[in-house]
Amino acid sequence: MRLPAYRPLFIVAGLLTALTYLWHESTSPDLERRHHLQEILRIIELHDAELMRDILLARAGLLPNYDALSKTGHALETISQDLLSASQSSAEMADTPLAQSAQQLSQTLQAKLTEVEYFKSDNALLRNSMTYFTKVGQNLDVKAKLPAKVERLWQLMFSFLETPEADLAQAIQRELASLEQHKSLPPEYTSLIAHGRLIVDLLPRLDVSLRGIIQIPIADKLAALQAELLQYSMSIEKRAQTYRLMLYVVALCLVVYLLYQFVRLRLSNESLRRAHEQLQQESNERLHAEIALRASEERLRSMTDSAHEAIISVDSLAKVVSWNRGAEAMFGYSETTMLGQPLLLLIPEHDAYIHDSILTRKSTNTDAGAVQLQGQRQDGKGFPLELSLSSWSRGNDFFHDGNYSRH
Amino acid sequence: MVWLCLAWPVFALESLAPLPLSTNVDEAKRQLGERLFHDNKLSAQNNRSCASCHPLDHAAMDGLPRAEANDGTHSLRNTPSLFNVGFNFFYNWDGVVSTLEAHTEKVMLNPKVMNTSWSALLASLQADADYKKAFTQVYPTGLIKENIVDAMVNFERSLITPNSRFDQFLRGNQHALSDSEQQGYRLFTSLGCAACHQGINIGGNLFQKFGVFAQPKSLAKDPGRYSVTNNERDKGVYRVPSLRNVAVTAPYFHDGSAATLAEAVDTMAHDQLGRTLSEQERNLLLEFLTTLTGEYQGKPVVGGVVTSQ
Numbered sequence: 001m002r003l004p005a006y007r008p009l010f011i012v013a014g015l016l017t018a019l020t021y022l023w024h025e026s027t028s029p030d031l032e033r034r035h036h037l038q039e040i041l042r043i044i045e046l047h048d049a050e051l052m053r054d055i056l057l058a059r060a061g062l063l064p065n066y067d068a069l070s071k072t073g074h075a076l077e078t079i080s081q082d083l084l085s086a087s088q089s090s091a092e093m094a095d096t097p098l099a100q101s102a103q104q105l106s107q108t109l110q111a112k113l114t115e116v117e118y119f120k121s122d123n124a125l126l127r128n129s130m131t132y133f134t135k136v137g138q139n140l141d142v143k144a145k146l147p148a149k150v151e152r153l154w155q156l157m158f159s160f161l162e163t164p165e166a167d168l169a170q171a172i173q174r175e176l177a178s179l180e181q182h183k184s185l186p187p188e189y190t191s192l193i194a195h196g197r198l199i200v201d202l203l204p205r206l207d208v209s210l211r212g213i214i215q216i217p218i219a220d221k222l223a224a225l226q227a228e229l230l231q232y233s234m235s236i237e238k239r240a241q242t243y244r245l246m247l248y249v250v251a252l253c254l255v256v257y258l259l260y261q262f263v264r265l266r267l268s269n270e271s272l273r274r275a276h277e278q279l280q281q282e283s284n285e286r287l288h289a290e291i292a293l294r295a296s297e298e299r300l301r302s303m304t305d306s307a308h309e310a311i312i313s314v315d316s317l318a319k320v321v322s323w324n325r326g327a328e329a330m331f332g333y334s335e336t337t338m339l340g341q342p343l344l345l346l347i348p349e350h351d352a353y354i355h356d357s358i359l360t361r362k363s364t365n366t367d368a369g370a371v372q373l374q375g376q377r378q379d380g381k382g383f384p385l386e387l388s389l390s391s392w393s394r395g396n397d398f399f400h401d402g403n404y405s406r407h
Numbered sequence: 408m409v410w411l412c413l414a415w416p417v418f419a420l421e422s423l424a425p426l427p428l429s430t431n432v433d434e435a436k437r438q439l440g441e442r443l444f445h446d447n448k449l450s451a452q453n454n455r456s457c458a459s460c461h462p463l464d465h466a467a468m469d470g471l472p473r474a475e476a477n478d479g480t481h482s483l484r485n486t487p488s489l490f491n492v493g494f495n496f497f498y499n500w501d502g503v504v505s506t507l508e509a510h511t512e513k514v515m516l517n518p519k520v521m522n523t524s525w526s527a528l529l530a531s532l533q534a535d536a537d538y539k540k541a542f543t544q545v546y547p548t549g550l551i552k553e554n555i556v557d558a559m560v561n562f563e564r565s566l567i568t569p570n571s572r573f574d575q576f577l578r579g580n581q582h583a584l585s586d587s588e589q590q591g592y593r594l595f596t597s598l599g600c601a602a603c604h605q606g607i608n609i610g611g612n613l614f615q616k617f618g619v620f621a622q623p624k625s626l627a628k629d630p631g632r633y634s635v636t637n638n639e640r641d642k643g644v645y646r647v648p649s650l651r652n653v654a655v656t657a658p659y660f661h662d663g664s665a666a667t668l669a670e671a672v673d674t675m676a677h678d679q680l681g682r683t684l685s686e687q688e689r690n691l692l693l694e695f696l697t698t699l700t701g702e703y704q705g706k707p708v709v710g711g712v713v714t715s716q
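Protein chains in written order, with our numbering: chain A, 1 to 407; chain B, 408 to 716.
Honestly, the hints are just simulated from the structure, not real lab data.
All C-beta atoms, glycine included, are put in the ideal place defined by N, C-alpha and C.
Among the hints, erroneous ones may be present.
Label pairs and their in silico Cβ distance ranges [unchecked claim]:
id : chain 1 : residue 1 : chain 2 : residue 2 : range
1  : B       : T548      : A       : T78       : 16 to 24 angstroms
2  : A       : Q81       : B       : Q452      : 31 to 39 angstroms
3  : B       : A666      : A       : K183      : 33 to 41 angstroms
4  : A       : K183      : B       : S685      : 18 to 26 angstroms
5  : A       : T78       : B       : A666      : 35 to 43 angstroms
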């Protein structure tokens, strides 16, 4: 009985819960983190370009010092750590192709920075040796007795600095070796030979290392990560979109259900109002009838009370239901004593008569006429009485009226 | 007819730069860091603070060839001066870390140096109501690991020694250096010292093999940067140290093998540059190097061996 009454409440509560859940799921997840990642990628791109610019400047000998390059390297290292933590900070992102891509980019960056560090060291040595070599060349000590072909060393070296080819390197090595053979070599030539060998050894390696750095596929890794980020964004946006659609459907269901409940309420309200009107009408009628009945009963009562004859009503079981003053005077019993008492008390010797005329003559409403009987008073004295009997029914109840007069 | 020849100085790329005159570190954090810096609570045995090996009145280094380990049984590498540490890009002789934060934490947890642990240090600082109060005032998150490191790093970044005579010269005061000192400076760049000792800290931003043209005399069993990278080419490679305050931070090199600056200059010229310096060249270089001594809190930096407590 109770459950159906609360059912709409449960349904509405259920729909509201579903709405809340769907609303939560339909918000674009990770939006801030995705923007953060996007920002990190942009910064990496900028710093990487800066790093490449400074490396090329350094190779060309146009970088005043390595502070800027170190600073950029440092910034890239920090941002690469940020990238790692940003790509793995959420449970949804961890172990996705996105996180793997981020890890690859971070590793590639680390590898590049390591290479750049070696490049810096080698470049510093090379530039120093090149400067020294050039300087000695500018102040060639003509007085020193050197091999006539010593100018050739510089020619070869300038060509080598332009295009570091293997045969040039070999030629320089030969020149340096023959210079080393020279007796009473001035000390700066000893240094020159050492620096020359360093250049020949280091320059090709430095260029290989530089080409290696340029070929480190930072741009590719960035693009891959960018693509993964887009893919990831699209997939989670799609999911959120689905939830948004479901949210709309559930909201629609809720509205429809509420409308249905509203209409039902209106309808039942209408029928209730009608029933209420009917009831009111009925109760008015009943009230009128009651009032009329009361009035007639009142009238009857005043009539019976004023009569000197005993007027007694009994029900179908011959129990007294009304007792007037005449009866009180005739039998000696008071009204309160007699109400509900059997009629047999008054006429004990005529039990058969009572049975016949009262308990079995149910539908009789005709006047049976007066009957002579022997009555009994409260004090036990008998006396003859004349009984006239009438009966009526109200609904299912039968009533018999007895009109008693003493002889 | 008069030919007027103007010899414009060719503006060489200036590879050295002056230190800023001030830092913009947070004063409250700096003060907190300063207190921690001088507090023995930072070591496990409560027997040394950062200032034990980096006394600020002794050029922020201990003056010993090699630092003594906490247990007294090991000798570490030479203690570098902490002055201008904020302008380095790599820390320790082998560049094992590249942020001051990581370096600070590493030194504190190193069993041979401060030998503390975060749990022990936090417990000991928590027990001090003054620290608790000070941290809560300065940091919203209060007394936690990150904030301890941050306060110390703020202090370390404030340890600058600006206004050396050389910096004054770089800022345009031609009279800040004498003629011979200026000659020394020109020699410093032309000899190739400035190939590695460059930038704002005159070093500290590069790694280089110790012994390019010849093997330095003492190469104690120290793998150098190889211990960080495991790359063969990093054997005997160290961070190029800053030359700021170099005249007052003897002894020199990662193993303290050069007792005097003259000795260090000779080793560098011979082993790193493949050169042998004349007496005059060396003296000019030494004269120049003394102009790199700056001022800490307005007073010239002085060095010397710290007498043990």
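Hint by hint, here is what the structure shows:
1. T548(B) / T78(A): 16 to 24 angstroms: holds (21 angstroms)
2. Q81(A) / Q452(B): 31 to 39 angstroms: 34 angstroms Cβ-Cβ, so the 31 to 39 angstroms window holds.
3. A666(B) / K183(A): 33 to 41 angstroms: Holds - the Cβ-Cβ distance for A666(B) and K183(A), about 37 angstroms, lies within 33 to 41 angstroms.
4. K183(A) / S685(B): 18 to 26 angstroms: Between K183(A) and S685(B), where Cβ atoms are some 22 angstroms apart, the hint holds.
5. T78(A) / A666(B): 35 to 43 angstroms: holds (39 angstroms)
Going through the hint list in order, the structure satisfies each hint without exception.
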